[in-house]
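Trainee: For the record, the sequence lines run as chains B, P, Y and G. Its first residue numbered 0, the first sequence is counted upward by one per residue in numbering that gives the first Met the number 0. Its first residue numbered 0, the second sequence is counted upward by one per residue in numbering that gives the first Met the number 0. Its first residue numbered 0, the third sequence is counted upward by one per residue in numbering that gives the first Met the number 0. Its first residue numbered 0, the fourth sequence is counted upward by one per residue in numbering that gives the first Met the number 0.
Do not take every clue at face value.
The list treats identical chains as one, so a pair stands whether inside a single copy or across any two.
[To be verified] Calculated cross-link-like contacts (lysine-lysine; reagent style DSSO-like; alpha-carbon spacing at most 30 Å):
(1) K234 <-> K257
(2) K301 <-> K173
(3) K236 <-> K358
(4) K173 <-> K264
(5) K36 <-> K264
(6) K101 <-> K36
(7) K224 <-> K335
(8) K335 <-> K234
(9) K257 <-> K48
(10) K224 <-> K101
(11) K358 <-> K234
(12) K115 <-> K173
(13) K116 <-> K335
(14) K116 <-> K301
(15) K115 <-> K340
(16) K116 <-> K358
(17) K257 <-> K116
(18) K358 <-> K301
(19) K264 <-> K116
(20) K340 <-> K48
(21) K224 <-> K115
(22) K224 <-> K340
(23) K234 <-> K224
(24) K340 <-> K301
(25) K257 <-> K236
(26) K144 <-> K48
(27) K144 <-> K340
Think of the hints as simulated: they come from the structure by calculation, not from any bench.
Protein chains: 4
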Amino acid sequence: MVGGGEGSFIGPIHYRAAMLDGFYQFVCGAFSSSYEKSLQSTDFYHVGKSRIYPTWEEMFRAEAELPVTERMEAVIIATPNHLHFPQAMMALDRGFHVICDKPATISLAQGLELEKKVQETGLVYALTHTYTGYPMVKEAAEIVKSGILGRIRRVIVEYPQGWLSSSLESTGNKQAAWRTNPEMSGPGGCLGDIGTHAANLAEYVTGLQISEMCADLTSFVPGRKLDDDMVVLCKMKGGAKGLFFASQVLTAEENELKIRVYGEKGGVEWCHAQPNSLLLKMDNQPAATLKAGANHNYLSEKTRWNCRTPGGHPEGYIEAFANIYKNAAYHMLSLKDGRFKMPDFIEYPTIQDGVSGMKFIERVLASAATDNKWIVY
Amino acid sequence: MVGGGEGSFIGPIHYRAAMLDGFYQFVCGAFSSSYEKSLQSTDFYHVGKSRIYPTWEEMFRAEAELPVTERMEAVIIATPNHLHFPQAMMALDRGFHVICDKPATISLAQGLELEKKVQETGLVYALTHTYTGYPMVKEAAEIVKSGILGRIRRVIVEYPQGWLSSSLESTGNKQAAWRTNPEMSGPGGCLGDIGTHAANLAEYVTGLQISEMCADLTSFVPGRKLDDDMVVLCKMKGGAKGLFFASQVLTAEENELKIRVYGEKGGVEWCHAQPNSLLLKMDNQPAATLKAGANHNYLSEKTRWNCRTPGGHPEGYIEAFANIYKNAAYHMLSLKDGRFKMPDFIEYPTIQDGVSGMKFIERVLASAATDNKWIVY
Amino acid sequence: MVGGGEGSFIGPIHYRAAMLDGFYQFVCGAFSSSYEKSLQSTDFYHVGKSRIYPTWEEMFRAEAELPVTERMEAVIIATPNHLHFPQAMMALDRGFHVICDKPATISLAQGLELEKKVQETGLVYALTHTYTGYPMVKEAAEIVKSGILGRIRRVIVEYPQGWLSSSLESTGNKQAAWRTNPEMSGPGGCLGDIGTHAANLAEYVTGLQISEMCADLTSFVPGRKLDDDMVVLCKMKGGAKGLFFASQVLTAEENELKIRVYGEKGGVEWCHAQPNSLLLKMDNQPAATLKAGANHNYLSEKTRWNCRTPGGHPEGYIEAFANIYKNAAYHMLSLKDGRFKMPDFIEYPTIQDGVSGMKFIERVLASAATDNKWIVY
Amino acid sequence: MVGGGEGSFIGPIHYRAAMLDGFYQFVCGAFSSSYEKSLQSTDFYHVGKSRIYPTWEEMFRAEAELPVTERMEAVIIATPNHLHFPQAMMALDRGFHVICDKPATISLAQGLELEKKVQETGLVYALTHTYTGYPMVKEAAEIVKSGILGRIRRVIVEYPQGWLSSSLESTGNKQAAWRTNPEMSGPGGCLGDIGTHAANLAEYVTGLQISEMCADLTSFVPGRKLDDDMVVLCKMKGGAKGLFFASQVLTAEENELKIRVYGEKGGVEWCHAQPNSLLLKMDNQPAATLKAGANHNYLSEKTRWNCRTPGGHPEGYIEAFANIYKNAAYHMLSLKDGRFKMPDFIEYPTIQDGVSGMKFIERVLASAATDNKWIVY
């Protein structure tokens with residue numbers, strides 16, 4: 000693992016997600032840019048000090064030289080955004096599978112280069128777009144795909160947060176500091192941090208592609224260098240329209256990501272605040288509340304595969320994260336052992352999601368910068 | 000009353016709202032453009048046949064000639080949109096107070112003319128923008144006004160409906176027919192029918208005025224002459240931004256109007272599906288659920304005035320509607336009897352709301368028709 | 000109307016419920032035991048002073064002597080509990096229909112006597128057990144009756160209130176004073192005030208009768224003369240079991256009456272806090288949320304009859320109350336005009352509900368007073 | 000680990016809970032009474048075949064003879080109920096800490112014997128009463144302890160399930176079979192399986208002890224040997240009263256355990272369906288919704304300690320389970336390393352909870368078998 004040291008929010012999440020289903024073991028790390036600090040995380044990650052490296056470059060180099068049975072097989076990238084690209088590139092070059100925090104890169108050009116690299120190496124590249132790991136998000140996608148909603152007309156995704164409603168970055172908060180710094184975070188603020196989650200969720204659930212876009216970015220907090228609020232209208236191929244709204248200044252909101260998709264005959268609604276439920280609303284019928292549960296036969300096979308417990312046992316954020324780890328592990332397994340064929344219902348976010356995210360950021364920035372209402376996507 | 004005959008949705012609502020608190024009595028009517036059909040409504044409205052008139056013009060004329068103690072004092076206008084203006088003008092000219100369905104008129108020019116007329120006559124003109132009649136909407140406005148949320152940054156109003164998701168107008172449905180016909184409904188479809196509710200609610204709760212606007216209108220249903228879906232982004236004076244979204248093609252949605260307002264220190268959230276609650280979210284505190292109730296001392300005086308029952312007794316749509324009737328009645332009373340002074344907490348939507356609505360429609364249409372992202376409001 | 004004067008909670012509710020659908024007009028009253036106070040209510044009820052009577056006895060006598068076309072047709076009884084019986088008896092004797100607040104009487108013996116009187120006179124006697132007036136409660140009963148839930152096993156009704164969690168009766172609160180005074184309220188406190196609502200709701204929805212009972216009554220507040228908390232277990236004919244729980248000392252609760260009924264194949268759940276919804280849970284299926292709405296074809300005819308608006312327009316407590324008034328009015332009409340036959344879907348709570356309530360109170364008191372676990376009902 | 004083999008629901012939960020925070024490693028197992036079947040679980044639990052034992056007795060014996068640095072330190076007991084006692088006794092005797100599924104034993108006598116053994120050995124004995132591992136359940140207990148609710152009056156716990164609403168045990172379902180078999184499950188059916196959860200939760204949150212009890216047990220499903228439905232009324236020391244209700248025949252319900260506690264000044268409410276929220280209702284104030292989150296300063300230190308993520312990241316059943324593992328691990332650590340002192344906010348369910356549970360089962364059975372309403376507890 001690279002990154003994830005002391006004070007990291009996402010590092011321990013990766014650890015837990017990786018350990019939850021028993022497919023992974025942590026064997027080495029460069030948890031921090033400081034070797035000293037890195038060593039402080041050995042206990043948490045259960046990694047022996049001998050395999051803590053002063054830099055990630057050195058880690059990749061040294062591990063690649065270990066015998067196959069000893070060296071790490073996959074690297075987890077949990078560093079600030081600007082490092083994702085070089086780290087993923089080098090890891091793939093050295094033959095390691097990659098599990099990377101989003102965003103994949105900080106530019107579309109990088110994204111495309113990385114995509115090429117993934118294709119060339121044939122290795123696994125998993126991007127932890129957590130929300131598509133929730134079973135009921137997968138169910139939503141399966142429902143759309145089944146066609147029962149009819150042709151899709153409207154996609155509405157909102158992602159309200161409030162933790163940046165004051166200038167937290169000027170109080171020494173590390174999480175706030177790098178996210179509002181274009182050099183570490185890339186050119187999108189709220190856009191890059193959570194706006195891309197909204198777009199990714201919309202694409203995942205509907206399978207639709209954006210054709211034109213009208214974006215508005217705002218920095219509400221004085222002195223902030225990046226946007227902290229994003230609204231995007233878009234036209235999708237096939238005639239649907241999208242409305243994506245994300246903000247980090249909606250004081251007191253936490254993480255209530257929500258998606259609603261409406262077709263000619265019905266709609267679905269999923270909200271992160273109640274992640275184990277999915278509302279299905281068909282015309283002239285009572286709304287149905289579908290619930291997660293490995294034993295619920297009314298759910299798709301894919302959805303049940305991504306539940307660990309029978310209905311009535313709430314699963315949450317770590318479990319969704321772990322679904323990405325689990326499904327990527329099966330992919331790694333299928334590459335290792337040709338006899339294991341990945342069934343269709345095993346999937347996880349890949350570099351394509353990363354490239355889409357980069358394109359989304361670039362086009363939103365382009366739209367926000369122009370006076371024309373619509374730009375081609 | 001004019002309009003509201005057989006098959007009308009809103010007519011019986013006006014009746015119930017008017018009767019609920021005992022301030023009104025129905026004395027005459029021209030319930031339909033057909034005298035025959037008009038007569039069929041006498042039982043429902045408890046109006047004697049002798050005071051059913053073949054046309055509204057005749058009604059206004061004849062009633063104005065009756066002795067003061069016998070003639071009607073106020074007229075309720077519940078006809079299709081294009082008649083609201085001429086009827087209100089004539090009613091005011093003849094000395095009658097007016098309670099009118101929204102929209103007030105079908106153009107801004109008419110709106111301004113009517114505003115002038117109301118001012119000249121000094122009569123009561125109440126516009127039944129129902130949603131601002133809900134006690135907890137009033138509480139939301141009072142909370143914003145109190146300043147505890149800090150400076151307002153974001154206003155989000157959504158109004159999802161689905162009843163026009165197919166071409167209902169081509170099946171003989173009367174409600175759908177006039178609403179999708181520009182000659183009866185005016186130039187806004189969804190925009191005029193419910194988009195204006197969204198805008199009115201935003202203005203009412205925040206007290207903020209729009210300065211710039213970017214609108215997108217869509218007709219999703221083939222063959223429909225008016226928009227059935229509206230998204231509006233706007234900049235407000237003082238730096239806030241608004242997002243107003245209304246649609247009538249969100250299959251299976253009914254009437255879940257929802258407003259969220261966020262300031263620097265906290266936010267409020269109200270949803271029509273649970274009209275007796277209001278969420279107050281202050282930074283770093285648990286969210287508080289305020290509940291309607293005449294006995295709830297934590298509510299403002301205005302809010303309590305608009306509750307008929309103690310907490311725990313759900314009030315709904317008719318009661319909200321009736322609050323407009325009740326408050327307008329007190330205004331009529333104060334005009335009649337100089338000794339009764341209207342306290343501050345008695346208010347209802349007036350012609351100013353009507354003019355604002357007309358301006359909103361005109362500017363949204365203008366914005367939707369241009370390729371420029373922002374237009375001045 | 001008798002009772003309902005200044006300070007009454009329920010008087011104005013009766014007024015509004017009666018006026019809502021236009022079937023009633025208030026013509027006379029004895030609103031208070033004090034003639035002076037009675038006169039103060041003439042404005043509210045729109046009754047001329049000439050027909051305000053010093054006592055209810057005088058009112059019944061005088062009105063009965065008026066010509067048929069002038070005299071009142073039905074009397075509303077909204078006095079403290081101990082007066083319900085003598086007033087209803089005299090009203091029926093004089094030929095007036097009766098609409099009475101619950102409880103019907105303060106003893107079972109009285110209840111049975113009154114039942115006999117109602118049968119003898121053939122007049123309408125409606126008891127305002129409000130909660131069975133809610134459309135979605137009626138839908139619950141229709142669903143049980145349809146058999147789709149299979150044989151019923153469990154009925155759970157809870158009625159949590161908190162307004163009596165301190166000794167409100169010793170602070171001069173009139174509502175609290177008479178309700179905690181056995182002479183005005185009868186021998187049941189919480190039991191009589193809201194416990195009977197719970198039992199009535201259970202009987203209404205399931206159609207089942209109690210066969211054995213085990214009750215526990217508590218007075219939590221020191222000095223209180225009557226119970227303020229009730230738990231009742233019961234066995235029902237046919238093998239189902241009931242759990243009825245009501246309390247007035249659950250601090251900060253308001254009125255969240257809730258019923259759940261489970262059969263072999265599924266269950267239904269209704270809660271007063273969201274009265275326009277009904278949950279239907281069938282085995283191995285997603286829960287369905289049925290919503291009130293005159294236009295919802297998936298609801299029973301009876302349910303739709305008791306809705307005034309299409310789906311998405313919240314109706315509440317007053318509307319439920321008004322359904323009793325409306326349905327009783329149709330019954331009065333059918334008695335007046337033999338040609339009008341009451342369809343099956345028109346019903347309202349009658350003296351049978353009143354007798355059941357009295358029996359419930361007597362048996363709960365008997366059970367609470369014995370050391371035997373079960374008593375025969 | 001003993002038990003938890005192929006087909007077990009709870010085995011994999013133990014695994015995930017143990018792994019989540021990195022305090023445990025699985026080193027040996029006797030996952031099934033069949034050695035063959037046991038071997039099939041080695042992959043899942045990541046245990047080498049060399050340390051799979053044919054019987055648990057052999058495992059305890061063999062492991063105890065391994066060098067301290069190699070042998071297992073704690074044993075997880077996830078077998079059917081009747082084995083919990085002998086396994087825990089032997090494990091403690093051999094010097095292993097114990098983490099045991101509830102119930103601790105199948106009789107009170109066993110429970111007391113085991114309690115003595117735990118005290119004698121000074122080893123850690125953790126009982127996985129999962130629900131008290133939820134952070135917001137801990138917050139509820141902290142709030143009660145703080146005194147802000149005043150003296151407690153009413154405790155209401157309900158645990159509705161529906162999975163046994165038909166005779167699942169006669170269809171070959173293993174989970175249903177042992178739970179309805181008194182020889183494997185002990186004398187309580189629903190009572191032992193989930194009734195004890197209800198009682199444990201009540202005791203944990205309120206700290207109150209039962210003094211008298213009135214219980215009713217039912218077997219609704221024909222042919223079932225144990226109860227499938229339980230209602231318990233109880234008097235608590237200090238004057239409060241409890242109502243505990245659990246059932247496994249409420250068709251279509253899953254696991255909606257809910258507790259409500261009311262004192263003189265306010266109440267708290269927690270429901271397993273929304274485990275990251277806690278409602279706090281104080282008299283004359285809006286209800287507050289407290290949310291789990293390691294960063295929520297309004298929560299107690301204990302609550303925050305048991306959250307892994309900041310607010311807005313749902314945690315669920317596995318995380319609650321893991322809190323027991325985590326806190327027990329800290330206790331084991333403090334025993335190993337005298338310098339580490341357990342802070343007050345680290346706690347987990349112990350053998351005392353196990354003994355209480357056994358007593359609860361015995362007294363409920365005694366009460367259910369007598370015709371007297373109340374029995375001394």
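Trainee: Now look at each hint and say whether the structure bears it out.
Mentor: Going through the hints against the structure:
no.: 1; hint: K234 <-> K257; in the structure: both (19 Å within a copy, 24 Å between copies)
no.: 2; hint: K301 <-> K173; in the structure: between (38 Å within a copy, 25 Å between copies)
no.: 3; hint: K236 <-> K358; in the structure: within (16 Å within a copy, 33 Å between copies)
no.: 4; hint: K173 <-> K264; in the structure: between (47 Å within a copy, 22 Å between copies)
no.: 5; hint: K36 <-> K264; in the structure: neither (56 Å within a copy, 36 Å between copies)
no.: 6; hint: K101 <-> K36; in the structure: within (24 Å within a copy, 41 Å between copies)
no.: 7; hint: K224 <-> K335; in the structure: neither (46 Å within a copy, 51 Å between copies)
no.: 8; hint: K335 <-> K234; in the structure: neither (42 Å within a copy, 56 Å between copies)
no.: 9; hint: K257 <-> K48; in the structure: neither (42 Å within a copy, 46 Å between copies)
no.: 10; hint: K224 <-> K101; in the structure: within (21 Å within a copy, 44 Å between copies)
no.: 11; hint: K358 <-> K234; in the structure: both (15 Å within a copy, 27 Å between copies)
no.: 12; hint: K115 <-> K173; in the structure: neither (33 Å within a copy, 50 Å between copies)
no.: 13; hint: K116 <-> K335; in the structure: within (19 Å within a copy, 50 Å between copies)
no.: 14; hint: K116 <-> K301; in the structure: within (29 Å within a copy, 47 Å between copies)
no.: 15; hint: K115 <-> K340; in the structure: within (24 Å within a copy, 54 Å between copies)
no.: 16; hint: K116 <-> K358; in the structure: within (18 Å within a copy, 55 Å between copies)
no.: 17; hint: K257 <-> K116; in the structure: neither (33 Å within a copy, 47 Å between copies)
no.: 18; hint: K358 <-> K301; in the structure: within (28 Å within a copy, 44 Å between copies)
no.: 19; hint: K264 <-> K116; in the structure: neither (42 Å within a copy, 47 Å between copies)
no.: 20; hint: K340 <-> K48; in the structure: between (37 Å within a copy, 26 Å between copies)
no.: 21; hint: K224 <-> K115; in the structure: neither (32 Å within a copy, 48 Å between copies)
no.: 22; hint: K224 <-> K340; in the structure: neither (48 Å within a copy, 46 Å between copies)
no.: 23; hint: K234 <-> K224; in the structure: both (29 Å within a copy, 20 Å between copies)
no.: 24; hint: K340 <-> K301; in the structure: within (15 Å within a copy, 46 Å between copies)
no.: 25; hint: K257 <-> K236; in the structure: both (22 Å within a copy, 29 Å between copies)
no.: 26; hint: K144 <-> K48; in the structure: neither (49 Å within a copy, 44 Å between copies)
no.: 27; hint: K144 <-> K340; in the structure: within (23 Å within a copy, 52 Å between copies)
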